[in-house]
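Student: Here is how the chains run, residue by residue.
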Amino acid sequence: MSELDVRLSALFRAVFTGLNEQNVREATRDSVAKWDSIAAVTLLTLMEEEFGEQFDLEEAAEWTSYAQIREMLEKRLHG
Amino acid sequence: MKLREALELIQQARPAGTERARYLLGCSSTPTHLQTLLQAYLLREHPKFEIEIEPTLYGDLLGSLERTQPEGFTAVALVCEWYDLDPRLGFRRLGGWSPSLFGDIVGGVRAGLARLQHAVEKISAVVPVVIALPTLPLPPLEISVPAQTAGFEAEVWSPTWEFARWCGSRSGVRLLSPAELDLKSPSSDRFDLRTELSQGSPYRVTHISALAELMSRLLAPAAPLKGLITDLDDTLWEGILGEVGVSGVCFTLETGAQIHGLYQQFLQSLAERGVLIAVASKNDSALAEQALARTDLLVHRTSFFPAEIHWHAKSESVACILKAWNIGPEAVAFIDDSPLEAAEVQAHFPDIRPLVFPRNDPARLLEFFVTLREWFGKPKIRDEDRIRARSLQRAATAATVQEAPGDPALQEAFLAGIKARLSFQLSRNAEDGRAFELVNKTNQFNLNGRRIPEGRWREMLAQRDSFLLTVAYKDKFGPLGKIAVLLGRRVGREATVSTWVMSCRAFSRRIEHATLRYFFERLDVDRIAFEFETTERNTPFQEFFADLKIPESAAILSRKDFDTRCPQLPHAFDEIPAHV
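Protein sequence lines correspond, in order, to chains A and B.
If you count the first sequence from 1, you need to add 1237 to reach this note's numbering.
If you count the second sequence from 1, you need to add 30 to reach this note's numbering.
Heads up, some of the hints might be wrong.
As the list claims (entries may be wrong) - No farther apart than 27 Å at their CA atoms in a straight line, the calculated lysine-lysine pairs in the BS3-like style are these:
hint, chain 1, residue 1, chain 2, residue 2
1, A, Lys1271, B, Lys32
2, B, Lys449, B, Lys410
3, B, Lys449, B, Lys353
4, B, Lys590, B, Lys353
5, A, Lys1312, B, Lys32
Note that these hints are calculated values from the structure, not bench results.
This is chain B alone, in the form it adopts within the complex (with noise of 0.2 Å):
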């Protein structure tokens, strides 16, 4: 983005009514164009919001962290350069390049490492935090031929790795990706000494872009997609199994089909970090049993669930695919190696995302790779992301036996039979990673639709008489992990319900009405009152109203009208003590 684009897209109007996110850009150049940017950026991905971005002190990156009040922001960037940690690494300070200093400059950037590492720790238990490390170069301080890395450079770089490898392994601290920046900002192409020594900025506007796109998907991440449905033929593998038979598709480097093995490799990794996948092929059911049995593939048959092999269209296939999941199209990839299938699906789901296999073509294949992990990529994997595909295929199985009577005796036996344990933990735990991804996730059981960005998220739960109550249910065919959230404020004997979610896996087990006995009980509140709005699919929640009699217009329930409308509640109970 030209910063001209950049001023023009701040300029135009907002809705009236926008909800506002804040943001500390942690920088100590003049941070006029990366502040233009970022809030650009941040505004294309999220033009709801009102975006504001509230610069450090020019100079003091280090001291400004360290007296940042993080409350209040929604989330922290940060751009540390050389010269933050050890201001000779910069070219506005002549305090010598000599060879005999090298010691003390490294002790130096060890020394202010320490300071943002101490900084970064104490924010990020706030709000999250997006770093960059130095994305320019070091000054020519060791005299060696530019084509070798000399010993000094490899002494400043080690204890940055250190700090790399920490920032890993803090759940609120995301580090841009060196590598990705260099693709969008070649390291040739960033310094001007010219702006640098007239302006005190020392980044070309094409690298504040580069920097700015990438912080910005940290900062705020786009929700990643749940499902991959993948054809088979010339895609999973090399060959029309009709044609070559079960022993004849490969997907090896000695067969020339290496890209199907690649493609393969990927599938299974992304079926362990919980995305659901699936097949749709026009192809003979049997004998695609028969090859997705073999095992040699590098993907296990146990991976996909469900598979639609047939010779009905594609677009049939993949609505049959969404049922059995109970996701909408708009959280799906589509994977096909004929661009014809990918448009007839597309017309049929035009919210999926379709994508082309690069059959005959590995140029492309890291192309297609960096695409699916855009459009998968989460800043964390949980335990319940990947139990999530077993999890479904027993819901399936489950929901089989459940659709079967429709007689409401035969319903009542199925759900006393099936062996349903809730755990219940109230707390103010900002910390769960798992009930914040589901309320900025859930889409049909949601009270009102409303997003929570993390600082607000951590800022609600910050106050004495909030709650945060989750919901994990289990029964005979496994465990669902933690599938509800209810999220609000308990004053005297009322309560007020703002945010309350749902998975859909969840539906049609009575949880929602159990949440609620358990609510009344544990809380020990006379009334209820939910903040309610319609939204364009929260249709199974207003449904849920409408059964508890629940006024839309004055989303209000006392206890004693609970107890009067409640089903019957056959699950069995446990607490999780709030420290857990």
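For reference, chain A alone in the conformation it holds in the complex (with noise of 0.2 Å):
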């Protein structure tokens, strides 16, 4: 497992009570019944605290799961 997946899975696990490990890696906002608009907001900040980026509220909206959050953070912190 990536650094990277690492760091962020933790962070999907403090937001989301009760997900193992494989729960996380296949987490969509459609699967994980705990994933409203107040949990997003929770992980939005989360995120800036664990890798010191800001996002937007409007991006975190937009945000459907573990993969594509997953993604988003390797280019922006890679490039």
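Dock chain to chain to rebuild the complex, using the hints, since each chain is given by itself in its own frame.
Tutor: What follows is the structure in structure tokens.
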């Protein structure tokens, strides 16, 4: 598992209680019942704390899965 | 604490049967992160509780507080920002910043504060209220250079400070210190206009964390320490007494020893607030007594009890002092300029709080005082706190007299000769702060070791069949003040006692027996059921039950059995009416 996955999946597990490692990698907004607007704001804030990057709320509203967020982060952090 | 740490702490499983504490969070912005961090800080300090935080409605702090039914909450925390007092002082409304509106806005602030005061008055009569007054900067209504405090700014702060003063006068209201918040969260690093506009959340997470940490300390304050043991040479004063003599020790600006004078002032202030102060010094006793009697010292000789001055190990002195005080090392701070002495004492008493005096380092003195304030600070000082030290000295004198005779007849004669008088008060008065404090800090003579959060205390006493019996004591050696509390319910001719505590200062005077006699007679009951539980520290209570042959498994005492087993009681007593 890459360092990015380790850090991001830890944030997912902090926000969405009860997800294991495998669940996190497959998590989507539709499959995780607790993924509502409050959870999205919490995830956004955790990502800002963890990666030192700023994210817009509009941007967070379009996040639909772990894989998509990971891809966005990969681009943002490593160009 | 970071938000992630907070979430992880909240997710940790709690042991079964944990007690529940429920707090109302008054905050008109999006409360999510403040709610999470406040919950986490409260859990960190009180891991045995299940903490629940209920936020008020978004955008309506004052209205929410006015509608609040505080019963059922443990306490209320609220953050009032400028926009809560007048929405034009926020960034999410466009009501105009014209100078022609200033008078109206100040009027809005005054009206908002009046509503807030009314709501807080009502809530704080039931549960404690913790308030943070505006923590965010005012918007740029006044076009003056940022370095200048503009007239408008002073105008809106003026009623806010009046409100702060009112908060300081209310026993159930605790105001968060702006100075302490400044230290933890610099004002330039608090506000985030980006998240305020996009999420309705004006705070940076670091500021939320600082706010939550400080609020948690006021919502559920730690029990203050009771005693401080201080060294003399290079601590209470500068210089080694044996080398420089009585007139050679110094503690003033002129002699370059001001930090010792400041420490003396601090000790005197602690002593006047009821903190026990003792001396543990390796010194010539007669010489040290002469130095302690110097009239220019800023702490009075009478403030020290006892003074252990000899050449034995400091840990031996500490043992004697703890015995004289009759308190445990976990309630005591040990101050010495020598890290070695502090380590020696801590090796013998791991629970004591050692603190090295910052000799030759004035820059660290303020930090030293901050630590002591953290350890000894309490929301309110009561008369009982002030007389505690004196009564301990008298009790020690009495104990010397009392310990001498081993003969029971002499013991009876001693008790008969001390002219003991008890004052009982039976009420349901939830405002009795001293009773509440005793319940939550007494360990040894404690029926079951239970602590009661303030909200639960008020809830219990609001029940019609509940009672609160308090006992004050005095004898020829002086008053001890209010020293015992019983709490419970009476149904028909049976009473259930759920809480019974008595200060360790009042042991060996048969006050507990006299209390039961009064209880049976005044409440006119045939039986008392006790919610007894053995704890690690309530041995004195267990011994009391054994003396009265009350089985720990079914702790019930009939009036008949009590009358048969009760020893002779020489006390006089009186009753204080409930309304006093």
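Student: Please go over all the hints and tell whether each is borne out by the structure.
Tutor: For each hint, the structure was consulted:
Between A:Lys1271 and B:Lys32 the CA atoms are separated by roughly 21 Å; this keeps the pair inside 27 Å, and the hint holds. Pair hint B:Lys449 plus B:Lys410 does not hold up; C-alpha atoms about 31 Å apart against a cutoff of 27 Å. At most 27 Å may separate the alpha-carbon atoms for a hinted pair to count; B:Lys449 and B:Lys353 meet this at roughly 25 Å. Between B:Lys590 and B:Lys353, the direct Cα distance comes to roughly 37 Å. Violation of the 27 Å bound is thereby established for this hinted pair.
Proximity of A:Lys1312 to B:Lys32 is assessed by CA-CA distance (about 25 Å); at most 27 Å being required, the pair is judged to hold.
Hint compliance for this structure: hints 2, 4 are broken, all remaining hints hold.
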